[in-house]
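Based on these hints, arrange chains B and C on the given structure of chain A.
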Amino acid sequence: MDLSGFRDPDIARGLIDAINATAAKIGREVKLMEVCGTHTVAIAKNGLRAVMPENVTLLSGPGCPVCVTANEDIDMAIEIARRTDTIVTTFGDMMKVPGSYSSMAREKADGRDVRIVYSPLDALALAEKEPDKQVVFIAVGFETTIPLIAASIHRAEEQGLTNFSVFSAHKTVPIALGALANDPEVKIDAFILPGHVSTIIGPEPYQFLAKDLHIPGVITGFEPVDVLQGIYMLLQQLLEGRAEIEIAYHRGVMAHGNPTAWALVEKYFEPIDADWRGIGVIPGTGLGLRSEYDAYNAVVKLGPFNPPEPKEIKGCQCGEVLRGITLPYQCRLFAKGCTPEHPIGPCMVSSEGSCAAYYRFTDYGKA
Amino acid sequence: MRSDRILLAHGSGGTMMRELIEECIVPDFDDDALKRLDDAATLPFPTGRVAFSTDTYVVHPIFFPGGDIGRLAICGTVNDVATSGATPLYISVGFVLEEGFLVEDLRRVMLSMKEAAREAGVHIVTGDTKVVEKGHGDGIFINTAGVGSIADGIDLSGSYCKPGDKVLLSGTLGDHGIAIISTREGLSFETSIETDAAPLNKLIANVLAAAPDTRAFRDPTRGGLSSTLNEFAASSGVTVTVTENDVPVKPQVRGASEMLGYDVFQVANEGKMVAVVPAEQADAALAAMKASPYGEDAAIIGEITEGPGKVYVKTSFGATRIMDMLVGEQLPRIC
Amino acid sequence: MCLAIPARITDIGENRMSTVDIMGVTRKVSLDIVPEAVEGDYVLVHAGFALQVIDEETAKDTLELLKEIPFFQEEEGLNVLEEA
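Protein chains in written order, with numbering that gives the first Met the number 0: chain A, 0 to 366; chain B, 0 to 334; chain C, 0 to 83.
Bound-form chain A, shown alone (with noise of 0.2 Å):
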């Protein structure tokens, strides 16, 4: 299959042509937010916000699922890595994001057995390889990778595995992008709504933002043309007087999402309150275990834990960036005392975070 024409420059030129067209039609600014930490990164490294019109703003948004893990879900991560026998896995990504204390990197370099792997199911294999150990997986992201958990959990009921279980500091998107459209302080015209994430649940759960709230929003892939499709979509609708959830990136997305993976999902974990780094609890956007998996809860299992109490970090402004209201080089630690070789907060550290997309792919904010 060639998809390289969503890499093509021609293509990507009559979009970025269109686009400024739309944008002077409508004349007056835009905020288009991009929700997702990976959309964050397609910009960052295509440079697509120089050619921008004028009046688009692009906000990078909570969409980074190791930047709005809360300072107390690190926190416990690192308790269960050092109870003793115990082996935790966990994505790279999470590895060197600060807790109040420590991180997952400096945990492994103080000698507990803390292991990256790239998917669920390495864990589960590490599991049965070493059945003298308890291995937890930290499950930490949004829907594109819950119903990944969810399979391995249902995987490891299957091989009767009596040494696997998962601590979920699991969110889920539509219902906090609701709570970002309220918020007074942040004002977004659009979103660019993640890829991935509506491959598994489809347009279906963000429409209440389209009709109560009268906000388009496109679902947008990750190639250069990708993004300049959703963004032309949603100034098209911005133009129109048009508040629709559309979707741009047809490949990806059916108009159901993916029942299967939903299915899987809603059998192993029930909705809960979640506590978002720089935003606060969001009543309903986190995943739980249900009781009746106790078995593969590592919190309820193998516990009780006594993390310490969580401390935030002076100065650092992530929660206004994850939010929209400030721009990574807005922040005033940005390039001065945090940069990705001393990261202060996730957003620098994460490697989708907008800080360190911000930096690593711009010159913006440098002297």
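The set of hints was computed from the structure by calculation and includes no laboratory data.
Don't be surprised by glycine CBs; every beta carbon is placed ideally from N, CA and C.
Check the hints yourself; a few may be wrong.
Stated by the list, open to error - Below, computed lysine to aspartate or glutamate pairings styled on DMTMM-like, alpha-carbon distance capped at 20 Å:
#, chain 1, residue 1, chain 2, residue 2
1, C, K66, A, D9
2, B, K313, A, E78
3, C, K66, A, E203
4, A, K107, A, E78
To be verified - In silico contact screen, one side only, chain C against chain B (beta carbon under 10 Å); selected entries:
#, residue
5, C1
6, A3
7, G12
8, M16
9, D20
10, V24
11, K27
12, V44
13, H45
Claimed, not checked - Label-pair ranges, simulated between beta-carbon atoms:
#, chain 1, residue 1, chain 2, residue 2, range
14, B, R183, A, E157, 18 to 28 Å
15, A, E157, B, T319, 25 to 35 Å
16, C, E35, A, K30, 34 to 44 Å
Same frame as chain A, but now just chains B and C:
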């Protein structure tokens, strides 16, 4: 050798160490100067300037697709010496072995070193072996130091890059890093990618002969192409711009990088050379690279312009972004 | 949150696992949430799982539509992507 494993006694200077040296090290390295086993090798040396470099190799696993730590240890130091424009001549080898390390593995590594040295045309003339207690070393660490002689008139430096110069790359990017990561547990994927570890002194000599005003050579090892180009940009105070479409990358390396979320510009290489050459000599330099061993995929990938000491990438889609340097390790990501 | 890449299924094995090919790199990928996928299908792969089958026709159609944009922009207010 009475033991099939390295013991502490093999490093203690007594009869067991003598046994290791005489029965394994000397025959495996097979070098006349080394055979004499003097504390210092005394060697003929051309008059003029000396280029001198050292590096220590701690890669794990020690055997990986297409190579091993031994080949790396010889090629890496040969290449470092050669980037100064010197002809590499002599190599020293220091082993730190962990108690319990298999003698058979050591011999495999040493034979690999001998072959690499022969290929590069250098001599392993002196060395040292120490053994540490089990648990205090990762199997084997190797230090190699190399000396070479620099002919008169050759003066290369990363600070000599000038606006108008072209940037050349001797071949495909990212092979070594991907070969290593494909062996890592928990990231299992199948690939036929092998390390590119190779001695490039002949390639460098050919390029210098065809393009005598070459400003600098450097091999993009840890930190990848990005570190090398950022170093050049900073020390010369110029802007480097790379055209993404012109950079040779094997499809499998691209596939693995996309899967893991890696930036191929930051992945390590062990058999590639970057050269900065004045524009009027660039074609000749390229032809010389392509005609040299390990240079068949060489390409002109970018140019130097006036501007701040930064590196930019003109993306395949037409926009420009910064080529940033690696911070810490690249970790596979899902986001 | 969303790093998923297209890969071609080259073989379907036991236990809902398949082998996929990404530009020559192969990996085992679970079909737990795409049980209907068959050999030869292209799927989006994320963290060792297939998320969905990618339809080549849909991809082609989108590209064709996008190529028309410069021509339709000349007409006032026409949203060429309304059909999409």
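Quiz item: Does C1/C pass the interface hint, meaning its C-beta sits closer than 10 Å to a C-beta of chain B?
Solution: Check passed: Cβ of C1/C comes within 7 Å of chain B, closer than 10 Å.
Quiz item: Would you say the C-beta atoms of E157/A and T319/B sit inside 25 to 35 Å of each other?
Solution: violated, 51 Å
Practice problem: Verify the interface restraint on G12/C: the C-beta must sit less than 10 Å from at least one C-beta of chain B. | Solution: G12/C check fails; min Cβ-Cβ to chain B is 14 Å, beyond 10 Å.
Practice problem: Take the C-alpha atoms of K313/B and E78/A, compute the straight-line distance between them, and say whether it is at most 20 Å. | Solution: violated, 45 Å
Self-check item: When the least beta-carbon distance from M16/C to chain B is tested against 10 Å, hint result
Solution: violated, 13 Å
Quiz prompt | Pairwise beta carbon distance, E35/C to K30/A, judged against the given window 34 to 44 Å | solution = holds, 40 Å
Self-check item: Evaluation of the interface hint that places A3/C against chain B, nearest CB under 10 Å
Solution: Constraint on A3/C satisfied, holds at 9 Å.
Quiz item: Is K107/A within 20 Å of E78/A, Cα to Cα?
Solution: holds, 12 Å
Quiz item: Taking the least C-beta to C-beta distance, is H45/C closer than 10 Å to chain B?
Solution: holds, 7 Å
Self-check item: Interface restraint verdict for V44/C against chain B (beta-carbon cut-off 10 Å)
Solution: holds, 7 Å
Self-check item: Hint status (Cβ of V24/C to nearest Cβ of chain B, threshold 10 Å)
Solution: At about 4 Å, which falls below the 10 Å cut-off, the nearest Cβ of chain B leaves the hint on V24/C intact, so it holds.
Self-check item: Status of the hint placing K27/C at chain B (closest C-beta pair under 10 Å)
Solution: Holds. Min distance 8 Å.
The structure is inconsistent with the numbered hints 2, 3, 7, 8, 15, although it conforms to all the rest.
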